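Visitor: Residue numbers (the numbering used here), protein chains in the order written: chain A, 1 to 335; chain B, 1 to 317.
Since the hints were derived computationally from the structure, they do not count as laboratory data.
Only a predicted model underlies this, so the values are computations on that prediction, with no experimental measurement involved.
A couple of the hints might just be wrong.
[Stated by the list, open to error] In silico lysine-lysine, DSSO-like type, Cα no more than 27 Å apart, as pairs: (1) B:Lys297 <-> B:Lys26; (2) B:Lys291 <-> A:Lys138; (3) A:Lys8 <-> A:Lys121; (4) A:Lys138 <-> A:Lys61; (5) A:Lys263 <-> A:Lys202; (6) B:Lys26 <-> A:Lys263; (7) A:Lys224 <-> A:Lys327; (8) A:Lys263 <-> B:Lys237; (9) A:Lys121 <-> A:Lys35.
[Unchecked claim] A few chain B residues facing chain A, derived, Cβ under 7 Å: (10) Ala4; (11) Glu49; (12) Gln151; (13) Glu177; (14) Ser180; (15) Ala181; (16) Gln189; (17) Leu193; (18) Asp199; (19) Gln201; (20) Thr257; (21) Thr267; (22) His268.
Beta carbons: idealized from backbone N, C-alpha and C, even for Gly.
What follows is the residue order along each chain.
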Amino acid sequence: MNALLEVKGLHVDIPLEAGVLHAVRGVDIAVERGKTLALVGESGCGKSLSVLSVMNLLPQKAKWRVDRIFFDGLNLDHASASQMADIRGSKIAMIFQEPMTSLNPCYTIGNQLEEALLTHKNVSRQEAQDRAVFLLEKVGITAAASRLRQYPHQLSGGLRQRVMIAMGLMCDPPLIIADEPTTALDVTIQAQILALLASIQKEFDMGMILITHDLGVVARIADKVNIMYCGQVVESGEASDLFENPLHPYTQGLLRCIPIPGKTNPGAHLGSIPGMVPTPIGQQIGCVFQNRCQYVMNQCQSTRVGVTQISAGREYRCLLDPETCRKNMNKGKRK
Amino acid sequence: MTTALLHTEDLTKVYQISAGIFKGKKSLTAANGISLDINLGEVVGLVGESGCGKSTIAKIIMGLEKATSGNVFFAGAPIENMDREEMSRRIQPIFQDPYSSLNPRKSIEAIVSLPYRVHKVGNKAQMEARVEEILEIVGLPSRMRYSYPNQLSGGQRQRVAIARALMMSPELVICDEPTSALDVSVQSQILNLLLDLRDKQGLTYMIITHNLCVVEHIATRVAVMYLGRIVEEAETKTLFANPRHPYTNALLASVLTPEPQLGLPETHLGIAYPNPIDPPSGCTFHPRCPKATKACKQTRPEAMVEADHLVACHHPE
Chain A
1 MNALLEVKGL HVDIPLEAGV LHAVRGVDIA VERGKTLALV GESGCGKSLS VLSVMNLLPQ
61 KAKWRVDRIF FDGLNLDHAS ASQMADIRGS KIAMIFQEPM TSLNPCYTIG NQLEEALLTH
121 KNVSRQEAQD RAVFLLEKVG ITAAASRLRQ YPHQLSGGLR QRVMIAMGLM CDPPLIIADE
181 PTTALDVTIQ AQILALLASI QKEFDMGMIL ITHDLGVVAR IADKVNIMYC GQVVESGEAS
241 DLFENPLHPY TQGLLRCIPI PGKTNPGAHL GSIPGMVPTP IGQQIGCVFQ NRCQYVMNQC
301 QSTRVGVTQI SAGREYRCLL DPETCRKNMN KGKRK
Chain B
1 MTTALLHTED LTKVYQISAG IFKGKKSLTA ANGISLDINL GEVVGLVGES GCGKSTIAKI
61 IMGLEKATSG NVFFAGAPIE NMDREEMSRR IQPIFQDPYS SLNPRKSIEA IVSLPYRVHK
121 VGNKAQMEAR VEEILEIVGL PSRMRYSYPN QLSGGQRQRV AIARALMMSP ELVICDEPTS
181 ALDVSVQSQI LNLLLDLRDK QGLTYMIITH NLCVVEHIAT RVAVMYLGRI VEEAETKTLF
241 ANPRHPYTNA LLASVLTPEP QLGLPETHLG IAYPNPIDPP SGCTFHPRCP KATKACKQTR
301 PEAMVEADHL VACHHPE
């Protein structure tokens, strides 16, 4: 198995006055070509910082270290600033959440689309323009040639996000990172954009990292899922298996929180996860989820909780054995 | 016939917006003939995409905007005759973003007790007792009254906003996207709280949201809006089991639940949400509608009511 991007033991620390904030604590990421990996978690769990450190785009104050980071056979840990600049945009493209703020209002769509290609590849303006028109059509924008002269404010939110996707594809990157690509969009548009991302990814055989907090989106589009909590991956596996048999108490709790039309009982209490995310400042002894877990035991507070592997790529970070975890989930179901 | 707690009649709001420096003003019809009843104890969900006018209606009901035409009746009396204080005592809002709806320079106690001071109710001791009581109702520890908003998490802030809204025991609470700024685990806590409060305090809610899962869970009746008009309205169960308008159908199909075997839905809606300044002729939904015919382009479908199920479509299902 050859991963397109392989990250092992990623740590991101942010020194603050109150102490060191351990935003990411030993995260592993592996993406293959043609597959989608979803990083899921609530705000502040470190999902965005994890991928920003891969791109070397962290804020200056933040320090990161990693045991191993390989992209397409290249060791990114030893990559120089200019090598990274070359990779960003041309080898790894990023689609951000807010198409409102990530497009420059002062330049035309065409200008911004062509920029990436002109910077990274030795092409003429005409070739760049042709590619822009081709990709705009690919992402479902009609009258693409005339759109090139338009400014971002002349487009709707859904169209802007399509432009962002086209922009990411300009250099035909092997890996695309989508950070909450549909959060700012309406539901009907969200479904369209996700379908578009999925079909483009298949067509161009790209790897994709999808960052989101929406488990509904993840379930429908991801091949593999990493559930993150407080800077750690607490559970990972194939999407189908993970949603069918969630093992970690946090994943189970999250799934119980979501109302599903036709499945949950309207008006009845939804499941919830009591308590709050612990402060990420300072070292935490034991399990990161201990203060909100309903199955907490004495060992959870004192022992470092390692990863339990069930099968290749199916892991979780909890002291309970998988059998007990499954039983716990079923108990919740009957309730 | 019982009188509804809130009754709007043909509510229309037209904004005059500038189309460019040297061009004249253009009119944008944000709400177009909205007639909506909210009965005591109901939870009415108002759903639709951004720009469909759902927040405009909330603003008119709360008296923050004046309707261009049409009337709002609260408990049988026209709302213009109510003075602002009385209105704010009986109708209260809960906003989307608890990060911007709370004053960062005021303590939680000051924020929550403000309605008492505005309405000049009770003395200091009564006010403090009420704050204590209301914080307990929304599930916040009493010590938090001395905290400031920046010391609280998103869920706790939303609880403070709810506490402030409930201070004067209002009859109608208008929640504008009450959970969309919150994480999933917190969202379910707030939904549970809203449901509890409805039972215990006898509240009536109007919930504005684009999240259909939330609506299905909490609302008793749903009105679906598209470009300033209500296109379908029914009991929640009926609407989810038997949607009649193609737009409602598309909305329901777009709901993404955590069920990996289902894959991505195909909504068959073209990409363009129409420009509200220049809405399409006839049925405003026809450019995106898979069932559109010639009639849809020419005439606007009137709302028909059948067995308490309103739908405005030439070809309902």
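Visitor: None of the hints should be skipped; say for each whether it holds.
Guide: Verification of the hints:
1. B:Lys297 <-> B:Lys26: Within the cut-off at roughly 23 Å; holds.
2. B:Lys291 <-> A:Lys138: Within the cut-off at roughly 26 Å; holds.
3. A:Lys8 <-> A:Lys121: Violated, because 31 Å separates the two Cα atoms, which is more than 27 Å.
4. A:Lys138 <-> A:Lys61: violated (40 Å)
5. A:Lys263 <-> A:Lys202: violated (32 Å)
6. B:Lys26 <-> A:Lys263: Violated, at about 46 Å.
7. A:Lys224 <-> A:Lys327: holds (23 Å)
8. A:Lys263 <-> B:Lys237: holds (13 Å)
9. A:Lys121 <-> A:Lys35: holds (26 Å)
10. Ala4: With Cβ-Cβ at 21 Å, over 7 Å, it is violated.
11. Glu49: With a closest approach of 4 Å, the B:Glu49 hint holds.
12. Gln151: With a closest approach of 12 Å, the B:Gln151 hint is violated.
13. Glu177: violated (13 Å)
14. Ser180: violated (10 Å)
15. Ala181: violated (10 Å)
16. Gln189: With Cβ-Cβ at 5 Å, under 7 Å, it holds.
17. Leu193: With a closest approach of 10 Å, the B:Leu193 hint is violated.
18. Asp199: violated (9 Å)
19. Gln201: Violated. Min distance 16 Å.
20. Thr257: It holds, given that the least Cβ distance between B:Thr257 and chain A is near 5 Å, below 7 Å.
21. Thr267: With a closest approach of 5 Å, the B:Thr267 hint holds.
22. His268: Hint on B:His268: violated, closest Cβ of chain A at ~10 Å, above 7 Å.
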